[in-house]
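Engineer: For the protein sequence lines, the chains are Z and P, in the order given. Residue 93 in the working numbering sits at position 93 of the first sequence, with consecutive numbering throughout. Residue 553 in the working numbering sits at position 457 of the second sequence, with consecutive numbering throughout.
Since the hints were derived computationally from the structure, they do not count as laboratory data. Computed from a prediction, not measured in an experiment: that's the story for all the values here. Using N, Cα and C, we set each Cβ at its ideal position, and we do this for glycine too. Don't take each hint at face value.
Example chain P residues on the side facing chain Z (calculated, C-beta under 7 angstroms, incomplete) [what the hints assert, rightly or not]:
#	residue
1	ARG507
2	PHE511
3	ASN517
Here are some chain Z residues the structure puts well away from chain P; computed CB gaps all over 10 angstroms [to be verified]:
#	residue
4	SER18
5	LEU21
6	ALA52
7	LEU56
8	LEU57
9	VAL62
10	SER65
11	GLY66
12	SER69
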Amino acid sequence: MTRQDEGQGGAAPAAQASVNLEPNLQDPDRFYEQLLAAHDGLSTEQSFELNARLLLLLANQVGDSGVLSRCIALAQTAATPPARESASSAQAPTGS
Amino acid sequence: MSGTGYVLPTFEFRVPPELATAGSADGQDGAPDIAGRVYPLIIVGGGLAGLAAACDCAVRGIPAVVLDEDDTIGVRGASSRGICYAQRTLEILSRLGVFQRVKDKGIQWFVGRTLAGEDEVYSFDLATQATHSYSSQPAFINIQQFYIEWYLVDRILESDTVDLRWKSRVTGIRLLDEGVELSVQTPAGEYRIKGRHVIDASGVASPLRKMLGQNTRAEVGVDRWCISDVRFRQRPKTERWTWIEAPFNQNRAVWQHLMGDDVWRLDYQMDPDCDPEAVSRPEVVAERLREQFGEDVDYELVWVGPYSYRSHVMERFRAGPVFFVGDCAHGMSPFGARGGNSGIQDADNLIWKLQWVQRGWGDESLLDTYDSERREGAEHNVLVTNRTARFLSPRTPVERMIRKAAIDLARHHPFGRTLINTGRMSMASVYTRSDLAQAALTRRLGVDAIGAGTPLQNVPLAEHGDLEQVIRSKAGCLLVVAPDAATAERVDARLVRDEARAAWFVADSQAAPAGWAVLAAASGARPLAEALGLVTGRVLVIRPDLHSAGCVPPQSVGALLACFGPGPGPGKNP
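Using the sequences and the hints, build the whole thing.
Structural biologist: Rendered as structure tokens:
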């Protein structure tokens with residue numbers, strides 16, 4: 001499991017910040033379920049607003065400027081799949 | 097349903113004694129019965145749960161009659177069938193004496209890949225990961241469900257305590273003052289049969305459940321799937337591939353994994369509004385396979401079937417003398433292999449309790465714990481599988497967006513992978529609500545019953561094989577395990593002498609006090625204290641279903657045993 005977060009951040013304080021990218025949620029499935037449940041019955045716009053409020057609340061929990069900068073940078077780069085040595089093709093099992 | 101299918105065994109219908117003694121095979125005068133005869137246990141339904149229960153009876157020497165409506169095992173109608181059997185199930189099957197056959201026929205895979213779009217999100221290799229397992233059995237085995245049923249039948253036929261009656265359809269049930277009377281329809285006529293206890297293992301559409309007016313809370317899923325079991329001409333790599341979004345399946349999910357006989361299970365998530373008949377036509381299946389594997393894919397279609405699922409849990413798993421097990425009592429989506437697995441675990445939980453009551457060792461309250469324990473297990477399974485189902489079928493664009501964020505992050509970072517929910521593998525249940533769980537026992541004993549209700553693993557042993565074999569050889573006894581001889585000596589010697597319901601062991605010790613035997617970990621295995629979670633100065637009591645009954649101080653063992661029922665009492669030896 002290589003850490004993909006190296007060499008991404010531009011700003012000096014962000015480059016130093018240590019972001020925990022290993023599993024850290026106590027109960028990931030429960031969190032995911034709660035997150036979806038919070039969106040039940042909302043319009044798309046209301047959902048975006050909920051996500052934004054949640055984001056700001058979680059940012060306040062983190063607090064550390066360097067970590068937050070780093071997280072913003074990581075969220076930006078995660079939109080693109082990581083480069084792979086040899087991209088595994090999605091065809092199996094015949095011929096493999 | 098189409099495909100070349102499997103050749104399944106058929107079993108011979110024999111005229112039951114109830115009809116034979118009536119002297120005629122045409123059932124004149126309605127349904128004759130053998131007056132007064134009450135069977136200790138009647139099991140209705142010969143699927144995975146019913147046969148596991150029957151096999152447990154065979155192993156324990158409990159007389160039982162099994163009524164199954166057809167004369168074979170395996171696929172009936174267009175329903176999907178389980179292929180993945182988890183460690184706890186394999187442990188139970190080892191006690192029942194069929195594990196080796198399952199292992200020989202089944203497949204173990206180690207590399208799993210999760211994909212979305214054109215490429216991989218992440219992969220793992222179980223062979224290189226540290227396991228925290230102490231068990232004699234592997235984490236899981238893939239095998240067709242009917243093979244397990246077949247092996248169970250073979251095992252049952254070796255015994256003379258269980259009477260397998262094929263082509264015997266239950267058409268009526270009547271609760272008696274004590275026990276149950278069933279009406280049974282057979283090719284040789286109809287008859288009535290009485291049982292002290294009845295296990296209803298007749299599946300999701302159980303007629304008995306309806307006849308008894310028992311409610312089940314159902315939630316219908318909208319998701320549709322289509323299974324295509326195929327054999328490829330070129331033997332592929334034994335890896336499990338899971339697409340969350342498969343480009344060749346309209347960005348819906350696809351599972352691909354191997355089971356016995358070189359047969360691959362391909363399970364396609366379908367458009368919820370699709371026509372189930374249309375998507376399982378051979379030419380449509382062929383089109384899907386070409387999309388997935390290329391134009392020149394060369395295969396043999398073994399079995400095809402569309403399915404949808406509903407989750408349901410009965411309000412009570414017990415109605416007086418009737419116990420509901422398996423799909424009859426609970427249903428859920430197939431993710432994480434919790435359907436058939438939990439049916440086998442239902443049987444494992446129930447049969448020893450029935451044996452205890454038959455022997456006069458336990459009372460009605462022990463039987464009630466079947467309901468509280470297995471219903472808790474079922475409700476947990478429904479919760480877990482519903483979460484997976486929702487991950488795999490986002491209900492709104494926003495849900496899909498959140499899932500995409502999880503997938504994007506999982507491609508880069510280990511933490512993101514914890515959010516990818518393509519199924520959480522079935523585990524042995526933890527019981528917290530029953531009268532034999534930690535909270536209740538602690539209240540009753542006045543001391544903490546540490547770990548009561550939690551599952552233990554089938555730890556390999558130096559001389560006895562493993563724990564399941566000890567349980568089997570002790571025929572339904574509780575196993576009491578002391579961490580050392582000094583702690584064992586603090587248990588009242590009269591209790592050790594008189595208590596027939598327990599077998600007494602000291603873990604990894606050179607010596608044992610009178611009445612106690614040494615139980616040693618297999619060479620090279622980790623010590624029992626670690627594998628069983630023994631607590632210094634306390635003794636562990638292990639139930640016959642390999643769950644803990646708690647670690648308690650030596651002076652509380654007698655009180656703990658009394659929580660299982662009054663017992664045979666001193667001098668009585670059943």
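Engineer: Now tell me, hint by hint, if it's right for this structure.
Structural biologist: Hint-by-hint comparison with the structure:
1. ARG507: holds, 5 angstroms
2. PHE511: Since chain Z brings a Cβ to about 5 angstroms from P/PHE511, closer than 7 angstroms, the hint holds.
3. ASN517: holds, 6 angstroms
4. SER18: holds, 13 angstroms
5. LEU21: Not fine: 4 angstroms to the nearest Cβ puts Z/LEU21 too close to chain P.
6. ALA52: Z/ALA52 is indeed farther than 10 angstroms from all Cβ atoms of chain P, at 12 angstroms.
7. LEU56: holds, 17 angstroms
8. LEU57: Check passes; 16 angstroms lies beyond 10 angstroms.
9. VAL62: holds, 14 angstroms
10. SER65: holds, 21 angstroms
11. GLY66: For Z/GLY66, whose nearest Cβ neighbour in chain P is about 18 angstroms away, the distance exceeds 10 angstroms, so it holds.
12. SER69: With a cut-off of 10 angstroms, Z/SER69 remains clear of chain P, as the shortest Cβ separation is near 17 angstroms.
Going down the numbered hints, you'll see the structure goes against just number 5.
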